[in-house]
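Trainee: Following the hints, put chain B in place on chain A, whose structure we already have.
Chains A and B, in that order, give the protein sequences. Mapping to full-length UniProt numbering: the first sequence position 206 is 206, numbers consecutive. Mapping to full-length UniProt numbering: the second sequence position 262 is 262, numbers consecutive.
No wet-lab data here; the hints were simulated from the structure. Idealized CB from N, CA, C, for every residue including glycine. Check each hint, because a few of them may be wrong.
According to the in silico footprint, chain B covers these stretches of chain A (three or more CB under 8 Å from chain B) [what the hints assert, rightly or not]:
1. 32-46
2. 337-347
3. 483-489
4. 516-523
Cβ-Cβ distance ranges computed for the label pairs, FRET-style [to be verified]:
5. B:Asp141 - A:Asn327: 32 to 38 Å
6. B:Gly69 - A:Phe486: 17 to 23 Å
7. B:Arg301 - A:Gly528: 30 to 36 Å
8. B:Asn156 - A:Asp342: 39 to 45 Å
9. B:Ile37 - A:Leu452: 49 to 55 Å
10. B:Glu219 - A:Thr11: 52 to 58 Å
11. A:Leu452 - B:Asn8: 36 to 42 Å
12. A:Val456 - B:Arg301: 53 to 59 Å
13. A:Ala436 - B:Ser31: 48 to 54 Å
14. B:Arg16 - A:Glu291: 15 to 21 Å
15. B:Thr208 - A:Glu530: 41 to 47 Å
16. B:Glu368 - A:Asn413: 43 to 49 Å
17. A:Gly469 - B:Glu368: 48 to 54 Å
Distance condition first, Cα-Cα at most 27 Å in a straight line; then the derived DSS-like pairs of lysine-lysine [stated by the list, open to error]:
18. A:Lys514 - B:Lys71
19. A:Lys227 - A:Lys440
20. B:Lys218 - A:Lys515
21. A:Lys227 - A:Lys439
22. A:Lys497 - B:Lys150
23. B:Lys78 - A:Lys515
24. B:Lys173 - A:Lys525
25. A:Lys511 - B:Lys355
26. B:Lys5 - B:Lys99
27. B:Lys328 - A:Lys514
28. B:Lys349 - B:Lys71
29. A:Lys350 - B:Lys5
30. B:Lys78 - B:Lys328
31. B:Lys351 - A:Lys511
32. B:Lys344 - A:Lys525
33. A:Lys525 - B:Lys345
34. A:Lys525 - B:Lys328
35. B:Lys345 - A:Lys514
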Amino acid sequence: MAKATKTKEVTLESILWNCRVALRGIGSTEKNRDAVIGLVFLKFAGDKFEKRRAEIKEQYGDVPAFLEKVSFYNAVNVFYVNETARWSFIVKNASANDIAVIIDKAMADIEESNTPLKGALPQNLFATLGASKASIKALIDEINKIDEHRFHDDDLIGRVYEYFLQIYAAAGTKEDGEFYTPASVVKLMAEIIEPYSGVVYDPCCGSGGMFVQSLKFVDQHNGNRQKVSIIGQESKQDTWRLCKMNLAIRGIAHNLGDKNASTFTEDLHQDKKVDYIMANPPFNLKGWRGEDQLTDDPRFKGFANPPVANANYAWILHMLSKLDVTNGIAGFLLANGALNADGTEYEIRKELLERDKIEAIIVLPRDMFYTTDISVTLWIMNMNKKARTVNGRQLRDRTNEVLFMDLRQWSNNIEEIVIDKGKKKKKTVLDDSQIAEIKKVYNNWQAADTSLYSDVPEFCKSVTLEGEGGLRAKNYSLAPSKYIEFIDHDIDIDYEKEMTRIQAEMREVMKAEKKSQTMLEEAFKGIGYEIE
Amino acid sequence: MKLNKLGNYIELVDIRNRDNLLTKDAIVGISTQKEFIPTKADLEGVNLVSYKIVPPHCFAFVADTSRRGDKMSLAYNKTNNDLLVSSISTIFKISSTEKLLSDYLYIYFKRPEFDRYARFNSWGSARETFSWDDMCDIDIDLPSLPIQQKYVDIYNAMLANQQSYERGLEDLKLVCDAYIEDLRRKMPCKRIGKYIERYDVRNGEKGTRNVMGISINKEFRIPTSKVNRNALANYKVVKPRQIAFVQTTHNEKVFAYALNNTSEDIVVSSVNEVFSTDETQLLPEYLSMFFNRTEFDRYARYHSWGSARETFTWNDLIEVEIPIPDIKVQHAIADIYTAYIARKKINEKLKAQLKDLCPVLIKGSLEEAKKV
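Extracted from the complex, chain A is given alone in its bound form (with noise of 0.2 Å):
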């Protein structure tokens, strides 16, 4: 008998959700990773160079030294792919017995053909991954199915990578303090800094999510990506490796170093100036540095040394010190417990505020992170707070001044992310809407026409550094309540209202307590134990 088959309409989350049946059970959540996103690199390099080779022939006819000639294709962002490297090439061979090799093989293989991937592609994955070869031809079916075409989204390499990224880090149980950002923390981050033109850096780029998004920011405002350079750096070899992937797939030109390097010990972007900072360092970082190490660093020069046992504030310094000392602006996250902290960090605190280098200290929603659901202060540090015209918008000299927003309460938008079958997580995000509240009160914050600001209770303020209630009188602190008015709203209650209320009901309660009385009475009686 003939089996019925059912057309379904597929849509791309579910056959992500299929790859990572696939690999369920077999390797570690980093390696799965690794495997899925390889793939899929390996899928779109080999659409775009099928593209470009066919535009080439278009062009200059079915000629192989204009077809193999690897600059034709690297000029306009696509990499070149030898022909056992190619996707169409993997396919074909999903069921062979030796597929996880021709696979490694095809990431050796792409990497050395193309200098800018130096590094970046997982070695000797597939050989080591544990996968059967029924699994890896499932995956590649599913991968397979991932098509421009078909789904007809301009961003669809991004959204295929931030899909990935965003899951295996919500699926992670990392508790060392390194956290992938949420796409709408990152959005809030762009809004604000506002990365149009020149040099943004990142100095603990994890895969790479701050660069993508400020890129989306500018191709959102019409702005020339050209104008825009990106340099970062990562300590951890896996990740650098996957936002070297992520750049590259999307065509991001980028310098990242040519290795994953501490930001510390071994700053791979000495004596740079850079105009715009976007930042998630990992929270609370211990021993960063040896006790007798980095002790006359010229980045933490003028300011106590940051202590060992916490990153915070060394990252403060060496963003500082990378920020173009005119014009450069840094957003960055922290923990809360930055705000005010004490010992050297109380120190380094004070002498940033008594420097004018901070401009804004914005407390986010709790639970917005994938492994963790403390809330978070992303920091505006600004070298520049004198009146000027920024965008077209007229400033007002804020020297000496600093805006605090406590965000805690916006929890009205959940997310929820299946991580796997039965098992869900809940995450606070920013709407669009809120992202733009946000930064209308920044602006009008910082806007030369003050009257578009005011001091709302509970939610920001605006505060000096100098007189009652500011900076310095309540000790160099940055907890936004040491300065945000609280309203007790018992204030409020009317007395007399209250209070005839609660007499009426008193008075109803009491009737019906007597008259429970009388009924106990009887009944006691009734069952021979009478109450006098």
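Mentor: Just chain B now, with coordinates in the frame of chain A:
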């Protein structure tokens, strides 16, 4: 009157259980409802030397306010005994007793706005804390001592009334249970089969829409599953004074039943059984009391059988043996039970009122202070 720092009126108390004078029995937890509660901690092999003593008239709070439902754990020792709390707690007392009454401060803390204030001022990375310094930094408006006393008196009177209510409650329940046990000893039990009658009346197309579920708390409740209110024809009708019960017991762990004590018809899923009692011999209220005992839940579970589902069926129910006293006695004992239920509700109301009252009293005291 002007705002003052609370820190001017309070001081830290740090007495450790150094000589192990207090034992495990003195250990309490601190609830976000602002009460001391039995501790949830596992105390097996725990050394109590570092535990902190909370003397009478002292406050204890936990500085860590994260993951506590946006509330702060704080309590006030109203008893005459020393209590023992974990060393992470902060203990303090009123130092200026001529300016501030402990009870007044306690009412101040019981307001939901105080919880909101404490959370607003809590900071930290992995854990957010409202520290002793933050506590001292509270700006507080203080009426004179006699005014404080007046409002404290209202609170305490209401509290005393509620507590006396609560005390009597469990006794009443005990009277009911004990009376039935006593009857079982004194008189022969009878199978209830001949006193109850099974009903299977279906709702029909134009029947009621008053559909209910049966809860493990032995009451009718709004259905938790999705019910199509336009397709209730096949549902079973439970007339006033009839009882419905759920036959499965493996998920419920109890004999889930409910008595329709309203004047309206109710419909329930047709998998449930419905019956009435012969009210000249057996009052449904009296039978309910029998069903409400934990021992009866155990009985029903013990007699439940089945493969995929363990059930206690109609045929099992009619086998149940119960003492059936004179109908007048049944009325009396059922009335005690009804009074117990009514008083339980009153008690809940009183408790809710107490909670409601704190912000009103603080506001009232401040208004009165302004008039002086």
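Trainee: For every hint, state whether the structure bears it out.
Mentor: Taking the hints in turn, this is what the structure says about them:
no.: 1; hint: 32-46; verdict: violated (count 0)
no.: 2; hint: 337-347; verdict: holds (count 4)
no.: 3; hint: 483-489; verdict: holds (count 3)
no.: 4; hint: 516-523; verdict: holds (count 5)
no.: 5; hint: B:Asp141 - A:Asn327: 32 to 38 Å; verdict: violated (48 Å)
no.: 6; hint: B:Gly69 - A:Phe486: 17 to 23 Å; verdict: holds (19 Å)
no.: 7; hint: B:Arg301 - A:Gly528: 30 to 36 Å; verdict: holds (34 Å)
no.: 8; hint: B:Asn156 - A:Asp342: 39 to 45 Å; verdict: holds (42 Å)
no.: 9; hint: B:Ile37 - A:Leu452: 49 to 55 Å; verdict: holds (51 Å)
no.: 10; hint: B:Glu219 - A:Thr11: 52 to 58 Å; verdict: violated (44 Å)
no.: 11; hint: A:Leu452 - B:Asn8: 36 to 42 Å; verdict: holds (41 Å)
no.: 12; hint: A:Val456 - B:Arg301: 53 to 59 Å; verdict: holds (58 Å)
no.: 13; hint: A:Ala436 - B:Ser31: 48 to 54 Å; verdict: violated (41 Å)
no.: 14; hint: B:Arg16 - A:Glu291: 15 to 21 Å; verdict: violated (34 Å)
no.: 15; hint: B:Thr208 - A:Glu530: 41 to 47 Å; verdict: holds (43 Å)
no.: 16; hint: B:Glu368 - A:Asn413: 43 to 49 Å; verdict: holds (44 Å)
no.: 17; hint: A:Gly469 - B:Glu368: 48 to 54 Å; verdict: violated (30 Å)
no.: 18; hint: A:Lys514 - B:Lys71; verdict: violated (36 Å)
no.: 19; hint: A:Lys227 - A:Lys440; verdict: holds (25 Å)
no.: 20; hint: B:Lys218 - A:Lys515; verdict: holds (25 Å)
no.: 21; hint: A:Lys227 - A:Lys439; verdict: holds (23 Å)
no.: 22; hint: A:Lys497 - B:Lys150; verdict: holds (19 Å)
no.: 23; hint: B:Lys78 - A:Lys515; verdict: violated (32 Å)
no.: 24; hint: B:Lys173 - A:Lys525; verdict: holds (17 Å)
no.: 25; hint: A:Lys511 - B:Lys355; verdict: holds (21 Å)
no.: 26; hint: B:Lys5 - B:Lys99; verdict: holds (12 Å)
no.: 27; hint: B:Lys328 - A:Lys514; verdict: holds (23 Å)
no.: 28; hint: B:Lys349 - B:Lys71; verdict: holds (22 Å)
no.: 29; hint: A:Lys350 - B:Lys5; verdict: holds (25 Å)
no.: 30; hint: B:Lys78 - B:Lys328; verdict: violated (45 Å)
no.: 31; hint: B:Lys351 - A:Lys511; verdict: holds (17 Å)
no.: 32; hint: B:Lys344 - A:Lys525; verdict: holds (21 Å)
no.: 33; hint: A:Lys525 - B:Lys345; verdict: holds (23 Å)
no.: 34; hint: A:Lys525 - B:Lys328; verdict: holds (11 Å)
no.: 35; hint: B:Lys345 - A:Lys514; verdict: holds (14 Å)
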